[in-house]
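Peer 1: The lines below spell out each chain.
Protein chains: 2
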Amino acid sequence: VSSRMLSTFVGGRSGQWRIERSSAVVGLALPTASHLAIFENEPGTRALEQESWVLRGVTSYERYVHATEQARLIAIQPPLQRPQATQAALIPVKKSADWWRLPQDRRRAIFEERSQHITLGLRYLPAIARRLYHGHDLGEPFDFLTWFEYAPADAEAFEELVQALRRTEEWTYVEREVDLRLTKRA
Amino acid sequence: VSSRMLSTFVGGRSGQWRIERSSAVVGLALPTASHLAIFENEPGTRALEQESWVLRGVTSYERYVHATEQARLIAIQPPLQRPQATQAALIPVKKSADWWRLPQDRRRAIFEERSQHITLGLRYLPAIARRLYHGHDLGEPFDFLTWFEYAPADAEAFEELVQALRRTEEWTYVEREVDLRLTKRA
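Chains as they are written, first to last, in our numbering: chain A, 1 to 186; chain B, 187 to 372.
Since the hints were made in silico from the structure, they are not lab data. By construction, the Cβ of each residue, glycine as well, lies at the ideal position given by its N, Cα and C atoms. Watch out, some of these pointers could steer you wrong.
[Stated by the list, open to error] Selected chain A positions facing chain B (Cβ under 10 Å, derived; list incomplete):
(1) Arg-101
(2) Gln-104
(3) Glu-113
[Said to hold, decoys possible] Covered stretches of chain A (chain B as the covering partner; in silico rule of three or more C-beta atoms under 8 Å from a C-beta of chain B):
(4) 3-12
(5) 57-64
(6) 82-90
(7) 127-141
Could you put together the complete structure from these sequences and hints?
Peer 2: As structure tokens, then:
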């Protein structure tokens, strides 16, 4: 996805996804909520009354992906909203000021050459569908919201991917991370 | 500048900078205004009544600068608001969807290896002070607002820099560009 599209993720009492679990991996947790609603724009203020939390992000251009990697991703990445993908995860992440001060080549080297972020993700395609939302320039509390969708049979593979990423050098720059697991309502 | 700071540029009847000239280089012009006011946040709605145009951008992390280039930039780039820098330019630029679809390495290659954007800029330091604001992820009409400050004696050098950038391969991806020239009010 290269074009900009704003999405708003609202934790509260309603929405298409039931929140099964919400864990603070690093730093502060999010307030408790039973459901997640996703809006493809700014929801009206009415929709947000009495909600527990609101996070926003935009799809945007690639920051680290190189041409050969982009070609492989385009060839095998699945779309969102596959009927069998009834489980999902929303993982909001904030990186440290030290990370953002690094020049582009140093961030790329940590991200891929040393942490293999793209390579790891490719290994779990097409099982795990993924979309990245950027919040840094919006001034949001999280720099990234990553949304994943998968079938129940791939839940273990997804867990492996998440654990592998958390062991990387890249993750030493993460200063806040929340991990939400969700199930689609019938 | 790596931390995020929102600025709002307002063209209207008041402000610290007098607009001497506003040209549409590519695409649509901006509405006429006599002065520019800059707010380091979101101005209240009252401040915007009867204004001609409003553009927003955020300072953000580096998208293309490598470590060696960053070190040279930090060593010689001047601060904004030098007393002798009574002239300024604001150059809003929007790039095409083709640009934004390119992977990171292809954009870097066009930006620096083939167009020498960073190298050209370094040649005019410390005469020309510069700050880049990002508008892409905000959904602004321009992807970038670049702000330049210089002394009257360096106006010709600045003109050279701008003309050199416009002849690059990078600039073939520019689909809208406005060039505003300003003088500081006494």
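Peer 1: All the hints need checking, so say for each whether the structure fits it.
Peer 2: How the hints compare with the structure:
no.: 1; hint: Arg-101; in the structure: holds (4 Å)
no.: 2; hint: Gln-104; in the structure: holds (5 Å)
no.: 3; hint: Glu-113; in the structure: violated (13 Å)
no.: 4; hint: 3-12; in the structure: holds (count 3)
no.: 5; hint: 57-64; in the structure: holds (count 6)
no.: 6; hint: 82-90; in the structure: violated (count 0)
no.: 7; hint: 127-141; in the structure: holds (count 5)
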